[in-house]
Amino acid sequence: MKRANWAAWLIVLLGALFFLLPIYGTLDFSLRAQKGVLSLKAYELVFADAKFLETFTFSVQRATLTIVFSLLLIVPTAYWVHLKLPQWRPVIEFITLLPFVIPAVVLVFGLIRTYSRPPLALTGSPATTDLLLVGGYIVITLPYMYRAVDAGLRALDVRALTEAAQSLGAGWPAILLRVVFPNLRGAVISGALITFATVIGELILAVFLARPAFGPYMAQLGNFRAYEPAALAIISYALTWASLALIDVFARGSRDASQAAAVR
Amino acid sequence: MAFLELTHIHKAFGGAAAVQDFSLTVERGEFVSFLGPSGCGKTTVLRMIAGFETPTAGQITVNGRDLTAVPPNRRNIGMVFQSYALFPNMTAAGNIGFGLTVAGRPRAEIDRRVRAMLELVRLSDFAGRYPYQLSGGQQQRVALARALAIQPELLLLDEPLSALDAKVRAEVRGEIRRIQRELGITTVFVTHDQEEAMSISDRVVVMNKGAIEQVATPFEVYNYPRTAFVASFVGTLNRLACTVVDAAAGTVRHNGAVFATPAPLERPAGAGVVLMLRPEELRLGEAGGENRLPGVVTSVQFLGAIVRVQLQHGETPITLDLFNERQLRLPEVGQAYTISFPPHACWVMAPNGHGPSDDHP
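Line by line, the protein sequences give chains R and W.
Take the first sequence: its letter number 260 is residue 260 in the numbering used here, and every next letter is one higher.
Take the second sequence: its letter number 239 is residue 239 in the numbering used here, and every next letter is one higher.
So here's chain W without its partners, still in its complex pose (with noise of 0.2 Å):
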């Protein structure tokens, strides 16, 4: 049986449902994480695992225990907020022993696992410092060595590192992984940022407009996304508007010129389909793969690892992205390219974007 289940669950604030049919089961140990943008119900979903929202229906239980009617002081699930809500009249010290104080555990006892908490996040030297006199970074350490300390069964992070700088919210990021590992504790993960979700996941729930539309591993919803929600949500797509050419050979056209793709099509001859090309697999020249079509730099943008140029196809931008390297020579802006890229590039879709792709099983 699964450490985390969640079994129907429904949603609705007044008459707007906020969440509808969500079904998820999480395994003992497991990092997942709720992907989606603003208002899509991952946050609803979080405060309903942790007591905050009731579901309007459906079931949700931890370790086999029912709490889909238990109050949150009586889940024992621990949770990290976007604005940290540090206690401001507490030290460090006095805010991750909170929990235990509460619950009147023996003073030593409190000291103890204060001590590790503070350890745990390298924060051993500031447990006399009240929230205001912390780094943003050092507070959400500080926020989750709080709802470690009461040694949760279940961890909840909503949108953790939206407060922090960049620079510190890879630091964060990885601090919150390095520990989830080291407890090995169940851990639910809210975020709107697809990067921040992949890097960090052991798999990756992708919710839309209040449903679930992929559960997977950051992997296979980047590369084989089921929706074309998904496939626009996580990384930067090329779409090309094809007619489907021969059905059974898996070929379409665009603007005259015909693509090879991986697997026969669905729809027939002359039905309109979106063909959808990730920008790293394109290539400029003709060394890509047998699909080609010609296109015009139009801008250069130089991001360090990658350099992604913008072309136009006839009235189609695309996007394709190289590799940086010492000798490479950046295209210009003006300059005529030919794009290629595999067969096994492409995913096929319908134009409404509700049909699945076709070129994976």
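Chain R extracted, bound-state conformation (with noise of 0.2 Å):
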């Protein structure tokens, strides 16, 4: 007993090592701008290039239209499949798993040969280019996201609550607004949450597209500054997480507060 503990700590501790020391010397490495002490010299110069906020800012909201737009396609898909057609489920597992077998690169390639000429051209403007941005993310984070949402149905009885929901005069945008999404909300934030932090960092497709966001000012920076880029590192990553607990605490709130509605 006290040995397999024992273990448990040591695989604990090498798990941590592995993720943190990296971090670490990143921020180590981000505090010696000045020479012989340590400073925030490096973050004073980040927080002062504007392109820092926009770029971090354009992608956030990017991020937050490509979670809607997935979630919208993706549920009510899910629940179909599961309710209708779950002899395809192996097929449309399958499909969701084609982003990881193809590069980002080939993706963005395609995207811009068919997009760039009549009769769909939409990477002339810079709204329309958006479009295919983002729906190059709903592409890239499919996996993540379908697999959250499959999960979360697979823990619901969906015929049965469909059928409750239909004998009680229900119809479908009812069944999907009342019964489905709220009943994946667990599923649905830790799909959201995977997303979120995917686009923030993701860099081929803003590049290509010829995008503002924040991976390409990261990875630019990177090419012609040394401390600047670790400061951005440290800062991105805390950006990124204090996001993901916003979006945690903003669904956990509004559970106690339909909770708190409910019971009143």
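There's no promise every hint is true.
[Claimed, not checked] Calculated from the model, a selection of chain W residues having no Cβ within reach of chain R, i.e. all distances over 10 Å:
{"hint": "1", "residue": "89"}
{"hint": "2", "residue": "166"}
{"hint": "3", "residue": "171"}
{"hint": "4", "residue": "174"}
{"hint": "5", "residue": "185"}
{"hint": "6", "residue": "209"}
{"hint": "7", "residue": "217"}
{"hint": "8", "residue": "257"}
{"hint": "9", "residue": "271"}
{"hint": "10", "residue": "280"}
{"hint": "11", "residue": "315"}
[Unchecked claim] Cβ-Cβ distance ranges computed for the label pairs, FRET-style:
{"hint": "12", "chain 1": "R", "residue 1": "239", "chain 2": "W", "residue 2": "74", "range": "49 to 59 Å"}
{"hint": "13", "chain 1": "R", "residue 1": "181", "chain 2": "W", "residue 2": "14", "range": "31 to 41 Å"}
{"hint": "14", "chain 1": "W", "residue 1": "125", "chain 2": "R", "residue 2": "182", "range": "17 to 27 Å"}
{"hint": "15", "chain 1": "R", "residue 1": "127", "chain 2": "W", "residue 2": "15", "range": "50 to 60 Å"}
{"hint": "16", "chain 1": "R", "residue 1": "182", "chain 2": "W", "residue 2": "64", "range": "45 to 55 Å"}
None of these hints come from the bench; they were simulated from the model.
In this text the structure is predicted, and so the values were computed from the model without any measurement.
Where a beta carbon is used, it is the ideal one built from N, C-alpha and C, also for glycine.
Could you fit the two chains together into a complex? Lean on the hints.
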């Protein structure tokens, strides 16, 4: 018993070192912009650059859009597959895994080739290019989002809940909005978190579609500077974690509110 | 005209027929049970009434309205599921009010109706609980209240008690019947438990292999089964393989013993028949009637109100029930007894089990 405990702690410690050491190294390096002393100089420089906030805001907005449209696409699809086409589940699962197999470079060149000429010339303006960007993000994050939603649906008795709602007079929109989505809250949150984190750091799509996203900004800075990229990495860690925490708190908060309202 | 009418319903899944030529009429306010083994098609019929399955052929009308092609959410039929199917994201009150909320009724009306329903199922103090905070019996009562809140024309219950333990089951069963009587709502109840069907229903529909075997009151189904299947599915039965001695006199022979039956037999002398006897119609000793056969006790089960005695007569096992009383002396294993029973306790059936019994009109 004691020995097993000891081994378990050792594994946890090794795992923690594996993840935390590089972060510590980055943090340490980011504090040495001035020779011989630890300082926040690199951080000051990063915050002084207007492009930092611009690109970060841009990526947060696109990540939010990605999550919203991804959910609108995936939740009804996965629900329908569970309810009416369970025998198709392996096929759908395979399709959702394709983004893992197809490199982002291939995806983005495919998008550009297809949508840079009539009848669907979308690369002409920033707004329509963003459509491609968000579309690409949805594809890239599809495996995570689908898996999360699929696991959530598996934990529900989808058929019985649907039939109960139907017998009470609910049509499809009411079933989706009042029964399916609310009961997938946990799954939706975890899918949203991982989608958010992926989009914030994404490089390839944004570079080739020439959009001012946070990923390209970090990469670009890394080409010309030494200490600022390290500071930026630490900041982006912190901001991403803060955003994840916000989503979590927001989701939990609204659940508490709905519980309170119902109990009232 | 009957309230619920099912006319020549057929349902096939792929090539296999699940329900065949099912016709039934149910009067307003009646409580009807579908009873049968699993796979007999009883749940399929219920799901067709609810609208979750479409009949391959046939017609379903409720109160004169043809519902055969109406989607489930426009039928105004309440349903209670085996798995409760409560919405996990809503409280008991939220679940009960769901149908009215979806229908866009005013808030005040919903609140009033939810309170009334909670009172009806005696759960007024549990309005704010989530399903996971309720016991199985409470969850099923919420499910019942939810189905009734929309004031359905018809209430369907799909094995609503089978996930509950015995004591709660009896309690919820009583509750269902009380509420059904109070509201006078026409109810169809699906179960594989014969005791449940007997105790709760006005009429029982016994089903086997997708077809109706018998529709009758619980008393009739138990005492005058129309087919061998009904006889053996409902209650416990002794079966003695016999040959006809005298068809006109209604006598049969088993293992040398000759038994009198209450009516002339349709099969000729020498033909094989099966004699069926309920355990509670047999007596130990000679006081039970003119038919007698010897047996040796092989086991005695004390069940409380009833003592179930197993005897062996030659190759044939025989089950016999005694009513408990404090002066009763329990038979002992190995003791030999004479078993007696009156002619009117005998049902004679053809050995293939398809012929109707001959002992009642």
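Tested hints:
| no. | hint | in the structure |
| --- | --- | --- |
| 1 | 89 | violated, 4 Å |
| 2 | 166 | holds, 24 Å |
| 3 | 171 | holds, 23 Å |
| 4 | 174 | holds, 24 Å |
| 5 | 185 | holds, 14 Å |
| 6 | 209 | holds, 25 Å |
| 7 | 217 | holds, 29 Å |
| 8 | 257 | holds, 54 Å |
| 9 | 271 | holds, 51 Å |
| 10 | 280 | holds, 40 Å |
| 11 | 315 | holds, 48 Å |
| 12 | R:239 <-> W:74: 49 to 59 Å | holds, 51 Å |
| 13 | R:181 <-> W:14: 31 to 41 Å | holds, 34 Å |
| 14 | W:125 <-> R:182: 17 to 27 Å | holds, 25 Å |
| 15 | R:127 <-> W:15: 50 to 60 Å | holds, 55 Å |
| 16 | R:182 <-> W:64: 45 to 55 Å | violated, 38 Å |
Consistency with the previously given hints fails for numbers 1 and 16, ordered from lowest to highest.
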